[in-house]
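Given these sequences and hints, build the entire structure.
Next come the chains, spelled out residue by residue.
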Amino acid sequence: MFKLALRNLTKTYGDVTAVNQVTLDIQEGEFVSLLGPSGCGKTTTLRMIAGFIAPTDGIIEMDGQVLSSPKAMMPPERRQMSMIFQSYAIWPNMTVAENVGFGLKLRKLPAEEIKRRTADILEVVHMGQLAGRYPAELSGGQQQRVALARSIVVKPSILLLDEPLSNLDANLREEMRFEIRRLHDEFRITTVYVTHDQGEAMVTSDRIAVMNAGRIEQVDDPYTLYNKPRTRFVAGFIGRTNFLEGRRERDAVVFDGFTLHTDAFAGPAGDGSGAVTLSVRPQSMKLHGNAPGNPDGRCVIQGKVVERAYLGEHWDYGIAPNGSGVQLRVTALPIEVHDVGAAVWVEFDPAQVAVIA
Amino acid sequence: MATSSETAMGQGTVRRGLSTALLRVRFFEPASILWVLLILFLLFLVASPFAHLLVVSFEKTGGDGFTLANYVTAYSRSRYLDGLRNSLMLGLATAVVCVAFALPMAWAVSRTNMPAKWLVWGTVLGAFILPPYLTAIGWILLAGPNAGWLNRMWMAITGAESGLFDIYTFTGIVLVIALNAFPYVFLFTKSALDLVSTEMEEAANILGANAWQATWKVTLPLIWPAILGSIIIVFLEAIALFGVPALLGIPARINFVTTQLWEFFGFPLRMEVAAAYSMPLLLITLLLIYAQRLLLSRKGYVSQTGKGGERRPIDIGPWRFVLLGYCTLIGVLAVAAPAYVIVQASFSKAWGRAMSWDNFTVIHYWQILFEQSMTQQAIMNSFMFAAAAAFLAIGLALAIAYLVTRRLVPWGNVLAFLCMAPFVIPGIILAIGFYAAYATPPVALYGTATLMILAFAARFLPIAYATSAAGMRSINPEMEEAVRILGGGRLTAIRAVVAPLLKKTLLGGWLLVFIPATRELSAAIFLVGPQTRVMSVLIYDMSEEGNFELVSALGGIILIATSFFVWLGFKLVGRDFMLRGR
Ligand SMILES: Nc1ncnc2c1ncn2[C@@H]1O[C@H](COP(=O)(O)OP(=O)(O)O)[C@@H](O)[C@H]1O
Ligand SMILES: [Mg+2]
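Line order of the protein sequences matches chains R and Z. Its first residue numbered 1, the first sequence is counted upward by one per residue in the numbering used here. Its first residue numbered 358, the second sequence is counted upward by one per residue in the numbering used here.
Just so you know, these hints were derived from the structure itself, not from any lab. Because the structure is a prediction, the values reported are computed rather than measured. All C-beta atoms, glycine included, are put in the ideal place defined by N, C-alpha and C. Hints may be right or wrong, so weigh each one.
Stated by the list, open to error - Facing chain Z, from chain R, some residues (calculated, C-beta under 7 Å):
1. Ala50
2. Pro76
3. Met83
The following block contains the structure:
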């Protein structure tokens, strides 16, 4: 049985369909991210899981029990979940320790245990010294840690996070990603994490559900998602990529001005009409100043450097294959210098090419 | 086969229906019952008196069958029509005088280098602390024919046979109300003036206009919408006022709508005619409030210039002392003189005699506080009713504001409208509605504290609601959601988070209801019974008897109490607390 199951979950506001037929299963102890651009329905989905919003259609189950359906909804306070809000929602009228202990108090635990568990969790998030402070006296990062401690200390059945890092500055955001994953490794709480930042999702998650316009486009672990995106949207949203549109012709795919042999790819699919779109990451191609030998069946096409930019960590080249209107983005190590106008050979690694349609 | 599968399907549907019902019961939020009760109470408090007023105005005396006769009666006698005309004239004249008083003050404080601006603020605060009926009593002591202080001074100086002033005239009534109501105009126009940047005037200067021309041609037109808005407010205040027209108009035989309504409530009681007669007042109020909304929603031209732009006080040279003199004069007329004569009279054996040790006494305070059970009871009643009404109004307003801002019920804006509706219903009409709805059988609350408390709560509900709604909007809903997801119900969230965060707002709102409720007259006078008299009603009754020393002592107590609570508000809530909720 799945810990949490969303079945055809749908939410409409008048004409707007905020969440559209979302189906997702989450295992006990799993960390799943909902990733997508702003307005794609992530928050709405999360708040339906929490019980703040009733679905228009579909159901939500936890441990096989229906929590939400269009007909009836268990109120949030009975779901045994906890949530970290975008605004942190730390209560300014309570100290750090009171904030963290509040959920335990609601569970009517003995005062001794509340004190002990509060102190323990504050140590875990490195906030032990600040237990007596009021939220107004804390920095953003510290408030974030209090919010984390407050939601973890109650040992929730499911932990929900809505863009928890979006209000932090860049350095802190980096640090807190790893902190969140560390806490997950320590406590193994089933977690649903909402973010629009692919880096955050990839650092923290076991699996990522990429959402677009209310729908889930693909659910996979970060590696698969990056290397084998199944839709154009996923390929474009996660990292930079080149889209190559071509047509299948027997054992080859024909693009504008060049051809790649299909036997090089792992089972290119494409639809019945023969149209094929490939996603090729900029760093998965290699540039050569001279025609390379072609010993292991790799695909090589010839082209010309039309523009370049040096970004310190790498070169960013724009390559036009000979006789083609396509322009390829290729990144290369700083030592691989090619002048604008120079002839280059672009080598594809078939294992890193994803067929998306 | 077919039958059995149909039965199975049928059972499945039944079972699913049943389990849904069970789910509903199991997932039911207990708070929902509370919401329904609150909405019913709001209807009871605001909608029902209003509906009764309308119904009663068409009812035959005694209550069987409907008729238009009440309207015919109400508008057939020239005396009644005079009342209407006088009230309209009073509103207009008061508004004009208020502008004359307040516009120079607002301009002086906002734009010029006039010294001692605190004096103006003191005057405004003082005018707020003095209820209109006390200003009227102060002016009776100052300018009553013959006996008034000013008249006796005049006679002493000139040797004339009779006094110069008579406050028991239409002019006198206008003057007294204007001296009490001008802060509305002051506050409105000052905040509009604060938005006009110096640069706009300087632009006119560059083109060759001198300072006066710039003020007349540029500044004044810019603040015109604010002036007009405040004129409407003052007009409505004046026509709805009971105390001043009753104290000064009845002896002078000048009839106004409010005093005429009072007469209908005398013996024999003609509630139905009163209801019919109150309709024009209600209609005018509704229309003008609507007009004011339109006026303010056009946002004037002022706000387009934004808050930006530097503002430097204009140097008006020696004129600043002229202006200061004018402001001081208003301060003396509006606050210092009436307050002084009231305090003086309250410590005198006979108010007409000069200040001296053999005229000094504290007997009036002693009587009021320790001897006369009637005054003791009235003082207790005033504070108890006001406190209870403030709790009720704030509690209800907060709950409704919560429902509306958190969108917990459909038609939230209807609820918000109901909470704000008493703002546009003159207190006297609200009182008649309350009387019609709840004083008489079957509810029969006449003469009970409950009736007074409900009426005060309804009357000042808009203040409470405006404060509460502003407070609720300032709280991020995620604060409460954080409580709920951790296992606390809605009511826990309100108790543990919302209420503590709104503490200051609620205290400010409570005081804003409590202070006016301790001095309320125009609703109270229609609803008091023998055991529920309040200070304001007692002051009115005793001054009819001409017992001005006792009246003054009671007034002194009101002034001290009000000053104390205003001070408390400043101290606990902040300097701007009285400007909130308006
Ligand atoms: N209460 C609401 N009323 C109407 N539309 C809403 C409401 N809440 C969300 N939406 C719409 O639903 C869509 C998804 O919103 P949301 O879930 O907040 O997106 P995300 O969190 O991914 O940025 C948006 O287009 C938003 O405008
Ligand atoms: Mg969101």
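Here is how each hint holds up against the structure:
1. Ala50: holds (6 Å)
2. Pro76: Status holds, d = 4 Å.
3. Met83: holds (4 Å)
In this structure, none of the earlier numbered hints is contradicted; all agree with it.
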